[in-house]
Amino acid sequence: MTEPAWWMPADGGASAVCSLCFHGCRIKKGGTGFCKARRYTDEGFKSPHLGRFVSVAVDPIEKKPLRRWRPGTQILSLGGILCDMTCPFCQNHTIAHPLGNLRERVIMPWQLAEMAKRSSLKAVAYTYNEPTLQAEYIVEASAVLKKEGIATVMVTNGMFGEAFCEEAARRVDAMNIDIKTFDEEKYAKLGGSLETVKRNIRRLVDAGVHIELTNLVVPGISDSEGDFVRMISWITSVSHCVPLHISRYFPAYQYREEPTDPALMLRFRDIAGARLKYIYMGNLP
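Taking this note's numbering, the leading residue of the sequence shown gets 1, the next gets one more, and so forth.
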(Lines of atoms letter the chains of each structure in order from A and count residues from 1; the text may use other names and numbers.)
(Lines give C-alpha, C1' and ligand atoms only; values in the text may rest on other atoms or scores of the structure.)
Protein backbone atom coordinates (compact mmCIF):
# COMPACT_ATOMS: atom_id res chain seq x y z
CA MET A 1 0.00 0.00 0.00
CA THR A 2 1.18 3.50 -0.77
CA GLU A 3 2.84 5.35 2.11
CA PRO A 4 1.23 8.64 3.19
CA ALA A 5 2.18 11.67 1.12
CA TRP A 6 1.52 15.40 1.58
CA TRP A 7 3.56 15.86 4.75
CA MET A 8 7.03 16.99 5.74
CA PRO A 9 9.19 16.74 8.88
CA ALA A 10 9.55 19.83 11.06
CA ASP A 11 11.42 20.92 14.19
CA GLY A 12 14.38 18.74 13.32
CA GLY A 13 12.17 15.67 13.11
CA ALA A 14 10.42 16.24 16.44
CA SER A 15 7.15 16.89 14.60
CA ALA A 16 5.57 16.64 11.17
CA VAL A 17 3.38 19.02 9.18
CA CYS A 18 0.51 17.44 7.24
CA SER A 19 -0.71 19.30 4.15
CA LEU A 20 -3.44 16.87 3.10
CA CYS A 21 -6.30 19.15 4.13
CA PHE A 22 -7.10 22.69 5.22
CA HIS A 23 -6.01 22.10 8.82
CA GLY A 24 -2.31 21.76 8.02
CA CYS A 25 -1.75 19.99 11.33
CA ARG A 26 1.64 20.12 13.06
CA ILE A 27 1.81 16.72 14.73
CA LYS A 28 4.27 15.91 17.49
CA LYS A 29 5.78 12.46 17.81
CA GLY A 30 3.21 10.10 19.25
CA GLY A 31 0.32 12.36 18.23
CA THR A 32 -2.38 12.47 15.57
CA GLY A 33 -3.82 15.17 13.37
CA PHE A 34 -7.26 16.77 13.66
CA CYS A 35 -8.75 13.85 11.70
CA LYS A 36 -7.08 11.20 13.91
CA ALA A 37 -6.24 9.30 10.71
CA ARG A 38 -2.70 10.67 10.29
CA ARG A 39 -0.05 9.90 12.91
CA TYR A 40 3.59 10.72 13.55
CA THR A 41 5.48 7.90 15.25
CA ASP A 42 9.05 6.82 15.91
CA GLU A 43 8.72 4.78 12.69
CA GLY A 44 7.72 7.85 10.69
CA PHE A 45 4.53 9.46 9.39
CA LYS A 46 1.71 6.92 9.19
CA SER A 47 -1.84 6.71 7.89
CA PRO A 48 -2.93 3.29 9.19
CA HIS A 49 -6.44 3.36 7.72
CA LEU A 50 -5.29 3.68 4.10
CA GLY A 51 -6.96 1.01 1.97
CA ARG A 52 -9.16 -0.09 4.87
CA PHE A 53 -12.94 0.16 4.62
CA VAL A 54 -15.91 -0.60 6.87
CA SER A 55 -18.70 -0.18 4.31
CA VAL A 56 -18.96 -1.71 0.84
CA ALA A 57 -22.20 -1.50 -1.15
CA VAL A 58 -23.67 -1.11 -4.61
CA ASP A 59 -25.75 2.06 -4.92
CA PRO A 60 -27.71 3.87 -7.63
CA ILE A 61 -25.54 6.76 -8.85
CA GLU A 62 -28.37 9.12 -7.90
CA LYS A 63 -27.81 8.25 -4.21
CA LYS A 64 -24.35 9.86 -4.14
CA PRO A 65 -26.03 12.20 -5.21
CA LEU A 66 -25.03 12.58 -8.86
CA ARG A 67 -27.85 13.28 -11.31
CA ARG A 68 -26.06 14.59 -14.39
CA TRP A 69 -23.28 11.98 -14.57
CA ARG A 70 -24.13 8.50 -15.87
CA PRO A 71 -27.77 8.62 -14.69
CA GLY A 72 -29.53 5.29 -14.24
CA THR A 73 -26.31 3.36 -13.50
CA GLN A 74 -25.03 1.58 -10.41
CA ILE A 75 -21.79 2.34 -8.58
CA LEU A 76 -19.58 0.41 -6.14
CA SER A 77 -19.41 2.47 -2.94
CA LEU A 78 -16.68 2.31 -0.28
CA GLY A 79 -16.59 3.99 3.12
CA GLY A 80 -13.85 4.12 5.72
CA ILE A 81 -13.70 5.78 9.12
CA LEU A 82 -12.99 9.25 10.56
CA CYS A 83 -13.36 12.78 9.16
CA ASP A 84 -11.58 16.13 9.00
CA MET A 85 -14.67 18.08 10.09
CA THR A 86 -16.82 17.94 13.24
CA CYS A 87 -20.37 18.66 12.07
CA PRO A 88 -22.77 18.09 15.00
CA PHE A 89 -25.49 17.02 12.55
CA CYS A 90 -23.37 14.33 10.84
CA GLN A 91 -25.55 11.75 9.11
CA ASN A 92 -22.75 9.13 9.16
CA HIS A 93 -21.32 9.80 12.62
CA THR A 94 -21.05 6.09 13.50
CA ILE A 95 -18.13 5.80 11.06
CA ALA A 96 -17.02 9.45 10.82
CA HIS A 97 -16.67 9.73 14.60
CA PRO A 98 -16.73 6.14 15.87
CA LEU A 99 -16.94 5.58 19.61
CA GLY A 100 -15.14 2.22 19.48
CA ASN A 101 -13.13 0.03 17.16
CA LEU A 102 -14.82 -0.93 13.90
CA ARG A 103 -13.82 -3.92 11.83
CA GLU A 104 -11.97 -2.63 8.77
CA ARG A 105 -11.47 -4.63 5.61
CA VAL A 106 -8.29 -4.23 3.58
CA ILE A 107 -9.03 -3.90 -0.14
CA MET A 108 -6.00 -3.70 -2.41
CA PRO A 109 -6.44 -1.63 -5.60
CA TRP A 110 -6.35 -4.73 -7.83
CA GLN A 111 -9.01 -6.35 -5.62
CA LEU A 112 -11.17 -3.26 -5.94
CA ALA A 113 -10.96 -3.48 -9.74
CA GLU A 114 -11.93 -7.16 -9.61
CA MET A 115 -14.89 -6.43 -7.33
CA ALA A 116 -16.21 -3.84 -9.76
CA LYS A 117 -15.67 -6.09 -12.78
CA ARG A 118 -17.43 -9.05 -11.16
CA SER A 119 -20.51 -6.89 -10.67
CA SER A 120 -20.19 -5.31 -14.14
CA LEU A 121 -19.81 -1.87 -12.57
CA LYS A 122 -18.03 0.94 -14.39
CA ALA A 123 -17.45 3.33 -11.47
CA VAL A 124 -16.23 3.28 -7.86
CA ALA A 125 -17.23 5.91 -5.27
CA TYR A 126 -15.38 6.84 -2.09
CA THR A 127 -18.24 7.99 0.11
CA TYR A 128 -20.04 7.65 3.49
CA ASN A 129 -17.10 9.12 5.46
CA GLU A 130 -14.65 11.78 4.21
CA PRO A 131 -12.67 10.25 1.30
CA THR A 132 -9.84 12.78 1.52
CA LEU A 133 -8.44 10.54 4.27
CA GLN A 134 -7.97 7.87 1.58
CA ALA A 135 -6.17 10.29 -0.76
CA GLU A 136 -3.04 8.22 -1.40
CA TYR A 137 -5.13 5.10 -1.93
CA ILE A 138 -7.43 6.95 -4.35
CA VAL A 139 -4.43 8.06 -6.41
CA GLU A 140 -2.99 4.54 -6.55
CA ALA A 141 -6.30 2.79 -7.16
CA SER A 142 -7.47 5.25 -9.83
CA ALA A 143 -4.59 4.19 -12.09
CA VAL A 144 -5.54 0.52 -11.71
CA LEU A 145 -9.25 1.24 -12.25
CA LYS A 146 -8.61 3.41 -15.30
CA LYS A 147 -6.85 0.54 -17.06
CA GLU A 148 -10.05 -1.47 -16.65
CA GLY A 149 -12.28 1.37 -17.87
CA ILE A 150 -13.61 2.04 -14.36
CA ALA A 151 -14.19 5.64 -13.26
CA THR A 152 -13.40 7.19 -9.87
CA VAL A 153 -15.92 9.25 -7.86
CA MET A 154 -15.57 11.15 -4.57
CA VAL A 155 -18.38 12.35 -2.31
CA THR A 156 -16.54 14.89 -0.21
CA ASN A 157 -16.61 17.99 1.96
CA GLY A 158 -14.00 19.51 -0.36
CA MET A 159 -11.62 20.43 2.44
CA PHE A 160 -8.49 18.99 0.82
CA GLY A 161 -5.28 20.97 0.39
CA GLU A 162 -4.07 22.45 -2.88
CA ALA A 163 -1.62 19.61 -3.64
CA PHE A 164 -4.25 16.89 -3.43
CA CYS A 165 -6.73 19.08 -5.30
CA GLU A 166 -4.29 19.18 -8.22
CA GLU A 167 -3.89 15.40 -8.06
CA ALA A 168 -7.65 14.84 -7.82
CA ALA A 169 -8.18 17.05 -10.87
CA ARG A 170 -6.16 14.48 -12.85
CA ARG A 171 -7.43 11.31 -11.19
CA VAL A 172 -11.12 11.76 -10.30
CA ASP A 173 -13.90 11.72 -12.89
CA ALA A 174 -16.79 13.09 -10.83
CA MET A 175 -17.41 14.55 -7.37
CA ASN A 176 -20.27 15.66 -5.22
CA ILE A 177 -19.00 18.40 -2.91
CA ASP A 178 -20.96 19.48 0.16
CA ILE A 179 -21.18 23.21 0.85
CA LYS A 180 -22.05 23.18 4.55
CA THR A 181 -23.00 26.86 4.85
CA PHE A 182 -22.08 30.14 3.16
CA ASP A 183 -20.87 31.76 6.37
CA GLU A 184 -17.14 31.53 7.14
CA GLU A 185 -17.65 31.82 10.93
CA LYS A 186 -20.14 28.98 10.99
CA TYR A 187 -17.85 26.91 8.76
CA ALA A 188 -15.03 27.38 11.26
CA LYS A 189 -17.25 26.10 14.06
CA LEU A 190 -17.78 22.93 12.01
CA GLY A 191 -14.01 22.51 11.69
CA GLY A 192 -13.90 23.71 8.10
CA SER A 193 -13.12 26.59 5.76
CA LEU A 194 -15.56 28.04 3.23
CA GLU A 195 -12.74 29.67 1.25
CA THR A 196 -10.94 26.33 0.90
CA VAL A 197 -14.08 24.66 -0.43
CA LYS A 198 -14.78 27.52 -2.86
CA ARG A 199 -11.20 27.43 -4.15
CA ASN A 200 -11.33 23.68 -4.73
CA ILE A 201 -14.72 23.75 -6.47
CA ARG A 202 -13.55 26.42 -8.89
CA ARG A 203 -10.28 24.62 -9.59
CA LEU A 204 -11.98 21.29 -10.26
CA VAL A 205 -14.68 22.77 -12.49
CA ASP A 206 -11.99 24.60 -14.48
CA ALA A 207 -10.08 21.32 -14.81
CA GLY A 208 -13.10 19.59 -16.36
CA VAL A 209 -14.04 17.32 -13.45
CA HIS A 210 -17.79 16.72 -13.30
CA ILE A 211 -18.91 18.55 -10.15
CA GLU A 212 -22.27 18.51 -8.41
CA LEU A 213 -22.91 20.37 -5.16
CA THR A 214 -25.04 19.58 -2.10
CA ASN A 215 -26.37 22.04 0.45
CA LEU A 216 -27.99 20.46 3.50
CA VAL A 217 -30.34 23.10 4.91
CA VAL A 218 -29.72 22.88 8.66
CA PRO A 219 -31.68 25.18 11.02
CA GLY A 220 -29.37 27.71 12.63
CA ILE A 221 -26.44 26.81 10.37
CA SER A 222 -27.41 26.97 6.70
CA ASP A 223 -31.01 28.22 6.69
CA SER A 224 -30.27 31.93 6.21
CA GLU A 225 -31.89 33.20 3.02
CA GLY A 226 -29.24 35.91 2.67
CA ASP A 227 -26.43 33.36 2.86
CA PHE A 228 -28.27 31.12 0.41
CA VAL A 229 -28.64 33.96 -2.10
CA ARG A 230 -24.91 34.72 -1.80
CA MET A 231 -24.11 31.05 -2.34
CA ILE A 232 -26.21 30.90 -5.51
CA SER A 233 -24.51 34.06 -6.82
CA TRP A 234 -21.11 32.51 -6.22
CA ILE A 235 -22.03 29.18 -7.85
CA THR A 236 -23.31 31.10 -10.87
CA SER A 237 -19.94 32.88 -11.10
CA VAL A 238 -18.32 29.44 -11.46
CA SER A 239 -20.94 28.05 -13.86
CA HIS A 240 -24.71 28.20 -14.04
CA CYS A 241 -24.59 24.55 -15.20
CA VAL A 242 -23.21 23.12 -11.92
CA PRO A 243 -26.04 20.95 -10.50
CA LEU A 244 -27.15 21.83 -6.97
CA HIS A 245 -28.83 19.37 -4.59
CA ILE A 246 -30.81 21.13 -1.85
CA SER A 247 -31.34 18.59 0.91
CA ARG A 248 -33.62 18.61 3.95
CA TYR A 249 -32.05 18.12 7.38
CA PHE A 250 -33.35 15.66 9.98
CA PRO A 251 -32.06 15.43 13.57
CA ALA A 252 -28.89 13.35 13.81
CA TYR A 253 -25.84 12.81 16.03
CA GLN A 254 -25.58 15.78 18.46
CA TYR A 255 -28.05 18.12 16.73
CA ARG A 256 -31.70 18.08 17.74
CA GLU A 257 -33.32 21.01 15.94
CA GLU A 258 -36.61 20.25 14.19
CA PRO A 259 -36.39 19.06 10.55
CA THR A 260 -36.08 21.81 7.96
CA ASP A 261 -39.35 23.55 7.12
CA PRO A 262 -40.45 22.24 3.67
CA ALA A 263 -41.72 25.73 2.80
CA LEU A 264 -38.18 27.09 3.24
CA MET A 265 -36.83 24.30 1.03
CA LEU A 266 -39.25 25.24 -1.73
CA ARG A 267 -38.35 28.92 -1.40
CA PHE A 268 -34.67 28.04 -1.73
CA ARG A 269 -35.51 25.93 -4.78
CA ASP A 270 -37.16 28.90 -6.45
CA ILE A 271 -34.24 31.20 -5.62
CA ALA A 272 -31.72 28.71 -7.03
CA GLY A 273 -33.86 27.86 -10.04
CA ALA A 274 -33.88 31.47 -11.19
CA ARG A 275 -30.10 31.36 -11.76
CA LEU A 276 -28.94 27.74 -11.99
CA LYS A 277 -29.86 25.25 -14.70
CA TYR A 278 -30.06 22.08 -12.61
CA ILE A 279 -31.74 21.99 -9.16
CA TYR A 280 -32.62 18.78 -7.30
CA MET A 281 -34.42 18.41 -3.99
CA GLY A 282 -33.44 15.80 -1.42
CA ASN A 283 -35.30 14.29 1.55
CA LEU A 284 -38.62 15.89 0.66
CA PRO A 285 -41.77 13.72 0.48
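Treat the hints loosely; a few may be bogus.
What the hints assert, rightly or not - Below, computed lysine to aspartate or glutamate pairings styled on EDC-like, alpha-carbon distance capped at 16 Å:
| id | residue 1 | residue 2 |
| --- | --- | --- |
| 1 | 117 | 166 |
| 2 | 122 | 183 |
| 3 | 198 | 183 |
| 4 | 186 | 227 |
| 5 | 186 | 148 |
| 6 | 29 | 42 |
| 7 | 29 | 11 |
| 8 | 28 | 11 |
Claimed, not checked - Label pairs and their calculated CB-CB ranges:
| id | residue 1 | residue 2 | range |
| --- | --- | --- | --- |
| 9 | 263 | 203 | 18 to 26 Å |
| 10 | 46 | 238 | 15 to 23 Å |
| 11 | 278 | 29 | 46 to 54 Å |
| 12 | 58 | 170 | 25 to 33 Å |
| 13 | 207 | 57 | 43 to 51 Å |
| 14 | 29 | 72 | 44 to 52 Å |
| 15 | 206 | 102 | 24 to 32 Å |
| 16 | 73 | 266 | 46 to 54 Å |
These aren't lab readings, by the way, just hints derived from the structure by calculation. The beta-carbon is built from N, C-alpha and C at its ideal position, and this holds for glycine as well.
query: Which numbered hints are broken by the structure, listed smallest first?
result: 1, 2, 5, 9, 10, 13, 15 and 16
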